[in-house]
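**Q** The chain contents come next:
Number of protein chains: 2
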Amino acid sequence: MIKQVLVGVICGAAVLTVGILIGHFGITKTGSSAPSWVTDVTKDVDESLIDKFLSEVDNIQIQENLRELTKVPHMATTAGDEQTVQFMLKRWQDPETGLDKAWREEYLVYLSFPDPTNPNKVTVVSPSDTVLHQVREKEKNYTSDQNDPEVVQPYAAYSPAGHPKGKLVYANQGKPSDYHLLNQTVDLRGTIAITRYGGAGRGAKAINAAPYGVIGVLVYTDPLDINDGLMSDTSETYPHSWYLPPSGVERGSFNGQYGDMLTPYLAAKEGTYRIPVENITGIPPIPIQPIGFEDAYILICALGGEAAPASWQGAFNCTYNFGGPGFKSTSAFNDSDVKMDIFNQEKIKNSSNVMGVIRGSVEPDRYVIYGNHRDSWVHGAIDPSSGTAVMLELTRVLGRMVKQGKWRPRRSIVFGSWGAEEFGLIGSAEYTEQYFAKLSERTVAYINVDIAVFVFIVKVAAPGLDSTSVYDNWIRYSNRTSPNHGTIPRMGFLTGAGSDYAAFVHYLGITSMDISYTYDRSKTNARIYPAYHTAYDTFNYASEFIDPGFLSHQAIARTAGNVLIRLADSLVLPLNCSDYSESLDDYLNTAVSLYEHKLKAWKISMEPLKHAVASFRSAAAHLDHVIRTSDLAKETPLKVRKINDQLMLLDRAFLDPLAFPDKYAYRHVIWASSSAGKPTFPGLADAFASAESSGHSRDWDKVHFHLSVLSQAIEGAAQTLLDVI
Amino acid sequence: MIKQVLVGVICGAAVLTVGILIGHFGITKTGSSAPSWVTDVTKDVDESLIDKFLSEVDNIQIQENLRELTKVPHMATTAGDEQTVQFMLKRWQDPETGLDKAWREEYLVYLSFPDPTNPNKVTVVSPSDTVLHQVREKEKNYTSDQNDPEVVQPYAAYSPAGHPKGKLVYANQGKPSDYHLLNQTVDLRGTIAITRYGGAGRGAKAINAAPYGVIGVLVYTDPLDINDGLMSDTSETYPHSWYLPPSGVERGSFNGQYGDMLTPYLAAKEGTYRIPVENITGIPPIPIQPIGFEDAYILICALGGEAAPASWQGAFNCTYNFGGPGFKSTSAFNDSDVKMDIFNQEKIKNSSNVMGVIRGSVEPDRYVIYGNHRDSWVHGAIDPSSGTAVMLELTRVLGRMVKQGKWRPRRSIVFGSWGAEEFGLIGSAEYTEQYFAKLSERTVAYINVDIAVFVFIVKVAAPGLDSTSVYDNWIRYSNRTSPNHGTIPRMGFLTGAGSDYAAFVHYLGITSMDISYTYDRSKTNARIYPAYHTAYDTFNYASEFIDPGFLSHQAIARTAGNVLIRLADSLVLPLNCSDYSESLDDYLNTAVSLYEHKLKAWKISMEPLKHAVASFRSAAAHLDHVIRTSDLAKETPLKVRKINDQLMLLDRAFLDPLAFPDKYAYRHVIWASSSAGKPTFPGLADAFASAESSGHSRDWDKVHFHLSVLSQAIEGAAQTLLDVI
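As they're listed, the protein sequences go chains A and B. Here our numbering is used: position 721 in the first sequence is 721, and no number is missing along the way. Here our numbering is used: position 382 in the second sequence is 382, and no number is missing along the way.
Hint data in this document are derived by calculation from the structure and do not stem from the laboratory. Hints may contain errors.
Note that the list lumps identical chains together, so a pair holds whenever it fits in one copy or between two copies.
To be verified - With a Cα cut of at most 25 Å, we get these calculated SDA-like pairs of lysine to any residue:
| no. | residue 1 | residue 2 |
| --- | --- | --- |
| 1 | 702 | 262 |
| 2 | 678 | 484 |
| 3 | 610 | 230 |
| 4 | 269 | 610 |
Please read all numbers here as calculations on a predicted model, not as lab measurements.
The following block holds chain A by itself, in its conformation from the complex (with noise of 0.2 Å):
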């Protein structure tokens, strides 16, 4: 489940600021007669050792690692995902290169699945009940990957199972305004919907469709959206190209939260309360069901109707129609209906995490946390065992020079291998639900590498390793200016739900970041890799088409480790609030501009969010001086945990668990998501929205509640940037 696509993304207090900050503290000198910890306590980051660690990376054993983790389709709790459950163990308990410990962890957690004796169908049927045609119901075989027996069938994981029959129409992407217009035309009223994939969530596509009286949803991938247009498998798409083969499928999980659905804010364990699955919300209400484009072609340019605006239009040589409703008379499906059989069935499954840490020797209350989900929807080879081959790799590393006696880190850091991730992130979120506490108290940092290489199209390089530098890549393709640092590299924020980063900053407050190698978009328009959540995501399309040697998944182990082993081993975090201040600078100047003449109107004041961002400013730019004209070597380490302690918590000052009543564990004021689409706050863009198109003085008071929950969070977080007292 990856929703964005960014080269580096990080939330909070940003890395970037690694290069000013290292180097800058010694070893303190201390004579025979001091304690030994003494020279511990003052220990800087030993960059020696990151080049180290940088040379021993290796894309062999990336590769290696990934074709070990690709041999079967590993969907979570079947059989594939317990050997990969064993792999990861039997890795991170090696005696040579593994970790400290590792150990698995397990929840009981509600999933959804096709029923393999009882396949989902979908059929045009005629007014005889004649099956006209029949839409594919597994991939086409290539490679012999796609022959595994385990090779789950299409399906929308949560779409309730249903026997819905009715006239086909053309809904484009399935957004509320979709239907809207759609709806203008044609009587929706017992329709079956086909959508293409994008511009609203999958769920979202069956939930905006209920209303209208539309009865089943179909989806597929238009070749416009992923393949630039291309459609052919005997000369275009794979196994020719990186391109989607027609009868590639999407699958993909259908709920709108993340986390175990009958769980809500519990850990997923035996006993623990359930709510009602009637209670569950965000899940399709009526059946949905993905297919491939080789089959929306034959329903979509039989369709009857008017003609759909431009803008629906895909790559297919036909014209999209509404749909009469239903297919065109002059068509072979004239007077037909479209049948979907859905059997899907939800089962509560008992899912792994695979956990494993190295324990810190000066701080090992500290912890830097690196994880990535291991289930896949198939065989998963870019998603997500790209990131799990990576994780492998830097657990290999830094796991023989632990146990080899040359490094142990200052802090300790714990590796998560996730699970049932693709169902909603749950693996992760059920985690977090647990050790709430003792993570919130404790985490420096969370670094997600989920999908690690989206393609293979820039130059890549590792640092120090050839002439051009990952971050001189970065910077050349996606940048900005940055008031206090020039022209620097580009990172987006971790607003959505798009992986296992979510719980850590949503929930829990956690400075977090999600790093991948991504393409650029100049020379592709592809939504995703073409081959996401289908059964050509196999080591064989990643070998050949994504990262052919493997020097791409390097760079990322060795970007990844950088930023790991400089969280864990920097005297002081290498983390920037001047930086946040921006963002929040950036933040206010938009909401100013685009709501203060309107808040006037409603006597609400944007004077306390001006204040409180000013508070900010002011008051990270003091403990940024103080951090730059401190010797903090030289003195206690007390003073240096002082100001560590601010930089860690700054992202927990965020937390309102009051702010987003209608948001399930979104807590920070600043990265929420929002649909209101506006650079901006996202409480406050979504407030304003919903108050503008209602025009209630009741939603404009919400707008002044929300303004004031985010007001009084900035002014806190601003005070924990102060001296202390």
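Given the coordinates of chain A, work out where chain B should sit on it, guided by the hints.
**A** For chain B alone, coordinates are given in the frame of chain A:
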């Protein structure tokens, strides 16, 4: 506002084991080449400094503090209140004996006052509208104090204004069961109910009445409940004794939640969103007014109708009848109504906290907070000035040591003189809202000393200065048997919101303590000291009857200061998690015996809770063992800090903002208030009582839900006590 009277109350980790921990850690001797800070960071509490502190605490200074503080009435936000603000600031900014820094913090809070130009009136009016009796508007003068024009008329803060007129009935304590019983005999529609203090919260007496059609409520203090039955002001009551004169009236806040009611969870600043006044809950829906027992006697003894039950009878020499409704036909009030004319006005006023700090030398980012409210209803000699007089003596002695360069605590000490406590703990609650993140992250403990001394009956002595120590006295009059420690002084639990500790423990999860010197309950039945919230709570009353010579005040100052210094200076925090575990064991045993059988019938297992408590027990024993067997003064200060963080943050681990959806600002799953009246987990007890009463399966679901919340919180807390990784 004091609902609980306790010898000394501590929530969470117990300070009791101070004696066990101190003296264990010596000072590491280091050679001249060790950094200079090595000696500082390993230093433990200095016993000779505590002895010095104890010897310098002066009873006469406390007496003079009290004299100054009680010169004029100082109700919140009045001129008298401002006078005390200036006095506190002057003392805390004194160059010889003041603190490092002192300042004021202001909030715009929602208060309720009578109209000085239009006093509230309660009258008996005949059918022809003749006033037959008028209730006294002000308390009778005995010393000049009661004649001060700033003495506020007795009133019920947050009672609505209104002019109900109706037949009088007697409703005992105004509990739901009282109105229920009364309603079986008397038609309550249109009546005025007279109730006595006790048994139900102040506001609840009106809230419980309204559903029966009662239109107004009077409340008085029965001599049985406060005066051991005595009534005569010519010989028995103040100024002849500590007992309440017949005209004395207990004022009070009649709201049901703490903090400013217009700004829930938000600090009440200019521009802060305020909820509509009509959305306030928990305040009287009908007018209510307190009166003295002098007038209550006249009204109650004239009531007609059946005799009330024995348990409803008070100390008056007449039978307490239900009311016909209304008066006996044989009384002068035959056929007459009681009329209430209430002119209370709500106002948003500027209330100040006065804050002061002593900066910590080694861990300035760890706070020990010591506080008391400053505002009173009238002169407030006991409530709260006895506590403030003690606090000022503490800060004088400590401040002088700091100014003379003789001492600086390891951790920072923050003093708070809270405003507007009497209206609902407002100043302290707003403070915790404004500085939520900073206080949550850094506060080691909160110590509250409100009413320092309730009465001078038991023999008092300070540790080391007399033959009977506070400890010996305490253990003699109030003790319990602990599996770990044998017979020890008994401490209560801070489960309510009786004073300013509420926001610290319930909202922030900060280990808190409420200290006072109270009386031997075998010697009086008074529910509290009799002058409580009346115009008789004066310096004269305090020095004549409560603590002549101020030796009890001195004992409290010594005890509180001793605890404060140990919390601020001990190398390892004097907080004991095994004592916490004893309380959880007791709670569990009670819960199992009360609930397990019935829960099984609903297929709800208590095993997760049992497992959680066992995890906690073993983790607490483990941490205790680590502390006891380590020579922490010889190890890295970061190891001590790690343990101290475990102890400091233990209570935070029990917070769940979603645990009590119906209780405002209660988040601590162990110490929250409970209406079920069982000595066990409060949310479980309340949920069980609701389910048992309704029998609805959705209410049993709520029991199961809370059991999961509770188990997860306890398991999570246990995790924080284990080895950190």
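**Q** Evaluate each hint against the coordinates.
**A** We went through each hint and held it up to the structure:
1. Proximity of residue 702 and residue 262 under a CA criterion of 25 Å is satisfied inter-copy only: 14 Å between copies versus 29 Å inside one chain copy.
2. With identical chains, the CA atoms of residue 678 and residue 484 are at most 25 Å apart within one copy only, with a shortest distance of 24 Å there and 59 Å across copies.
3. Within a single copy, residue 610 and residue 230 get their C-alpha atoms no closer than 50 Å, and across copies no closer than 61 Å, so neither meets the 25 Å cut-off.
4. Within a single copy, residue 269 and residue 610 get their C-alpha atoms only as close as 45 Å, which misses the 25 Å cut-off; across copies the closest is 14 Å, which meets it.
The structure does not agree with numbered hint 3 stated previously, though it agrees with all others.
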